[in-house]
Amino acid sequence: MSTLTDPLVLGLFGAAPLVLAAVGFTLIYYLSGFINVAYGENVTMGAYLAVIFNVKLGWDFYLTIVPSAILAGLLSVATFVLVFRPAMRRGVGPTEMIILSVGMSFFIRYAARLLFGIELYLFDTGKPTYFTLAGIGITSYQIIALALAAVTVVALYLFIFRTGYGEQMRALAGNRDLAKASGINPNRVSLLIWFIAGVAGGLAGIFYGVFSFVNSDIGWNLILIVIMISILGRVGSVRGALVVGVGAGIVVAFVTQVTQSLYAQVVLLVLFILVLKLTRTSAAMRG
Amino acid sequence: MSYLIFVLSSMVVLIGLATLLHLQFGLTGIVNFGVAGFWGVGLYVFGILMVDLNLPFIVALLLATVIVGVVAFVIGWIVLDLDDQAVLVATLSFATIGFYLVTTEKWLTKGVVGFGTVPFPFDFGSSTELVFLLLLVTLTSLVVLYARRIRSQPFGRLLVGIRDNEGLARSLGKPTFRQKLVIFTVTSALMGFFGGMSASLNHFLVPYLLSPTITFAAWIALILGGKRHWAGGLVGVLVIGVIFDILIETYAPIPTTEAAQMIPNIKYMLYGLLLVLVIMFRPEGILGAHAPRRPRREKPNV
Chain A
1 MSTLTDPLVL
11 GLFGAAPLVL
21 AAVGFTLIYY
31 LSGFINVAYG
41 ENVTMGAYLA
51 VIFNVKLGWD
61 FYLTIVPSAI
71 LAGLLSVATF
81 VLVFRPAMRR
91 GVGPTEMIIL
101 SVGMSFFIRY
111 AARLLFGIEL
121 YLFDTGKPTY
131 FTLAGIGITS
141 YQIIALALAA
151 VTVVALYLFI
161 FRTGYGEQMR
171 ALAGNRDLAK
181 ASGINPNRVS
191 LLIWFIAGVA
201 GGLAGIFYGV
211 FSFVNSDIGW
221 NLILIVIMIS
231 ILGRVGSVRG
241 ALVVGVGAGI
251 VVAFVTQVTQ
261 SLYAQVVLLV
271 LFILVLKLTR
281 TSAAMRG
Chain B
1 MSYLIFVLSS
11 MVVLIGLATL
21 LHLQFGLTGI
31 VNFGVAGFWG
41 VGLYVFGILM
51 VDLNLPFIVA
61 LLLATVIVGV
71 VAFVIGWIVL
81 DLDDQAVLVA
91 TLSFATIGFY
101 LVTTEKWLTK
111 GVVGFGTVPF
121 PFDFGSSTEL
131 VFLLLLVTLT
141 SLVVLYARRI
151 RSQPFGRLLV
161 GIRDNEGLAR
171 SLGKPTFRQK
181 LVIFTVTSAL
191 MGFFGGMSAS
201 LNHFLVPYLL
211 SPTITFAAWI
221 ALILGGKRHW
231 AGGLVGVLVI
241 GVIFDILIET
251 YAPIPTTEAA
261 QMIPNIKYML
271 YGLLLVLVIM
281 FRPEGILGAH
291 APRRPRREKP
301 NV
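Top line first, the protein sequences correspond to chains A and B.
Numbered as in our numbering, the first sequence ends at 287 without a single skipped number.
Numbered as in our numbering, the second sequence ends at 302 without a single skipped number.
One or more of the hints may lead you astray.
[Claimed, not checked] Estimated spans, in silico, between C-beta atoms of each pair:
#  : chain 1 : residue 1 : chain 2 : residue 2 : range
1  : A       : Leu74     : B       : Ile243    : 31 to 37 Å
2  : A       : Leu191    : B       : Val7      : 23 to 29 Å
3  : A       : Ser182    : B       : Pro175    : 44 to 50 Å
4  : B       : Leu53     : A       : Pro67     : 44 to 50 Å
5  : A       : Leu115    : B       : Ile243    : 48 to 54 Å
6  : A       : Val243    : B       : Ile5      : 28 to 34 Å
7  : B       : Pro56     : A       : Val243    : 49 to 55 Å
8  : B       : Trp107    : A       : Val243    : 55 to 61 Å
9  : A       : Ala181    : B       : Asp164    : 31 to 37 Å
10 : A       : Leu271    : B       : Gly167    : 27 to 33 Å
11 : B       : Arg282    : A       : Leu74     : 56 to 62 Å
12 : B       : Val131    : A       : Val243    : 57 to 63 Å
[To be verified] These stretches of chain A come out as covered by chain B in the derived footprint (C-beta under 8 Å, 3 or more residues):
#  : stretch
13 : 82-96
14 : 104-110
15 : 148-159
16 : 221-232
Honestly, the hints are just simulated from the structure, not real lab data.
Glycine included, each C-beta is placed from N, C-alpha and C at the ideal position.
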């Protein structure tokens, strides 16, 4: 019984930050059309900001979530305004944009390592209450993180598919010229998307920190899986990112149950490559 | 002195990798983000063949190269007909898988404890390291010279044709997928070859060597030097290496040990910044394109 339900429960918890990050990453991919590797550092910085408020300044953990997420969003906007938008305006192609974002990622990651060192930070969440869910011990904070992640994802979903801004956003991503001709201001919507994506990434980092620890590599370790999820979930489809994200979390948890966690990553990456091969028809082959 | 020779040897290996990357990306347009994987598999396979199986140096090296070539062939066969972003993610995944497996398969690689000791192939007393450096310089020069030559050969022109318009090249009857697979397999196998050489250079193998850092070092060097130019990797590595590895790490007056520990972080930070600045302000790198024409860029989409 436990081999069936354990991975489900564990996978659900493990998937919470993954899904958040995948949705945020997908928004940028959808809008700007390039793989933003530096998004991983957005996740890391969200977690570090929460470390500053929670561990260094001693704030209550719940109070740190909102300011950290907002600052992570502003950081994302800053990278967009200072680096990515000028680069796109200079006509840098999609592949070069990826390499550029790798450069950004290096810059931010090692800047963070300079500031915070290589130590592992744990959030000071006070004494958690322990629960048992389907035979697995979990803390109250993990439940709250999962609930908050779920709420955030639902809110994002409603925002994208049910509001005027969401509609403008989708219009802009779908056909830029037509959207502009219809009176949509691309600058404002772009800023908004980068902000929202940054907030989602920051939250992902914070929740990741609740489940384990914070160091300068958490974003980098997450980003490859996030990219895979986003590509597989059909580029830019928030629905796809949700489904694939939860699925990936459960697969990881399942393989982790059976073997070591590093094997889980290996299995997941091999699976992704195979699915990639089976589902994607090449642009070159069609052209 | 021996530290300086080690740094120089590592730089020469990086020149080799960056030049091979030029053949893959600059010439053919294959976005290989798995350099650390091919290099690292060569590193470990060579080490295992030489230390555990006691094979002679040259046999172990050639066997490691062939094994990496087979791996590259399989990966290339799976991903090379996908689009750029899928190739990038798939090769990066391969390198990550290699990194994980080297860590977990302790029975073979000793895991994080480290695998050793891989000796030099020859012993010339105190000048062994210097002779090995010269050997590396010779091998890397061959790769660079080949990169220079291929551009004016039919095969090189075909690769450029594939890069610029694969559909057109195929419609002219060129077997584009097969040619991409050939160049990818051979160049990746040679990355494994340099991995084997690096095993002798490093003596002691740890999984950390397979972290993506070497992939990005090769990319940064190539982009900085000029991705379309045969000497792009050479110039990029020299600029980066002379500034960061030799001048700063060897000669800069470093006040305290705490400051010394910060140096690598500052170095990688500046690597990143350099990469951003080059792509934004001089996307063709220091040398620019070797060919007279410039490729058209796609329409920006902000």
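Results of checking the hints against the structure:
1. A/Leu74 <-> B/Ile243: 31 to 37 Å: 33 Å, holds
2. A/Leu191 <-> B/Val7: 23 to 29 Å: Once the Cβ atoms are compared, 45 Å apart, the range 23 to 29 Å for B/Val7 and A/Leu191 is violated.
3. A/Ser182 <-> B/Pro175: 44 to 50 Å: 46 Å, holds
4. B/Leu53 <-> A/Pro67: 44 to 50 Å: 58 Å, violated
5. A/Leu115 <-> B/Ile243: 48 to 54 Å: Violated, since A/Leu115 and B/Ile243 (Cβ atoms, about 23 Å apart) do not stay within the stated range.
6. A/Val243 <-> B/Ile5: 28 to 34 Å: Violated - the Cβ-Cβ distance for A/Val243 and B/Ile5, about 54 Å, lies outside 28 to 34 Å.
7. B/Pro56 <-> A/Val243: 49 to 55 Å: 54 Å, holds
8. B/Trp107 <-> A/Val243: 55 to 61 Å: 38 Å, violated
9. A/Ala181 <-> B/Asp164: 31 to 37 Å: Once the Cβ atoms are compared, 32 Å apart, the range 31 to 37 Å for B/Asp164 and A/Ala181 holds.
10. A/Leu271 <-> B/Gly167: 27 to 33 Å: 30 Å, holds
11. B/Arg282 <-> A/Leu74: 56 to 62 Å: Given range 56 to 62 Å: violated, Cβ gap about 30 Å.
12. B/Val131 <-> A/Val243: 57 to 63 Å: 58 Å, holds
13. 82-96: holds (count 13)
14. 104-110: holds (count 7)
15. 148-159: Result for this restraint: violated, n = 0.
16. 221-232: Holds, because 4 residues of the stretch 221-232 of chain A bring their Cβ atoms closer than 8 Å to Cβ atoms of chain B.
Going through the hint list in order, the structure does not satisfy hints 2, 4, 5, 6, 8, 11 and 15.
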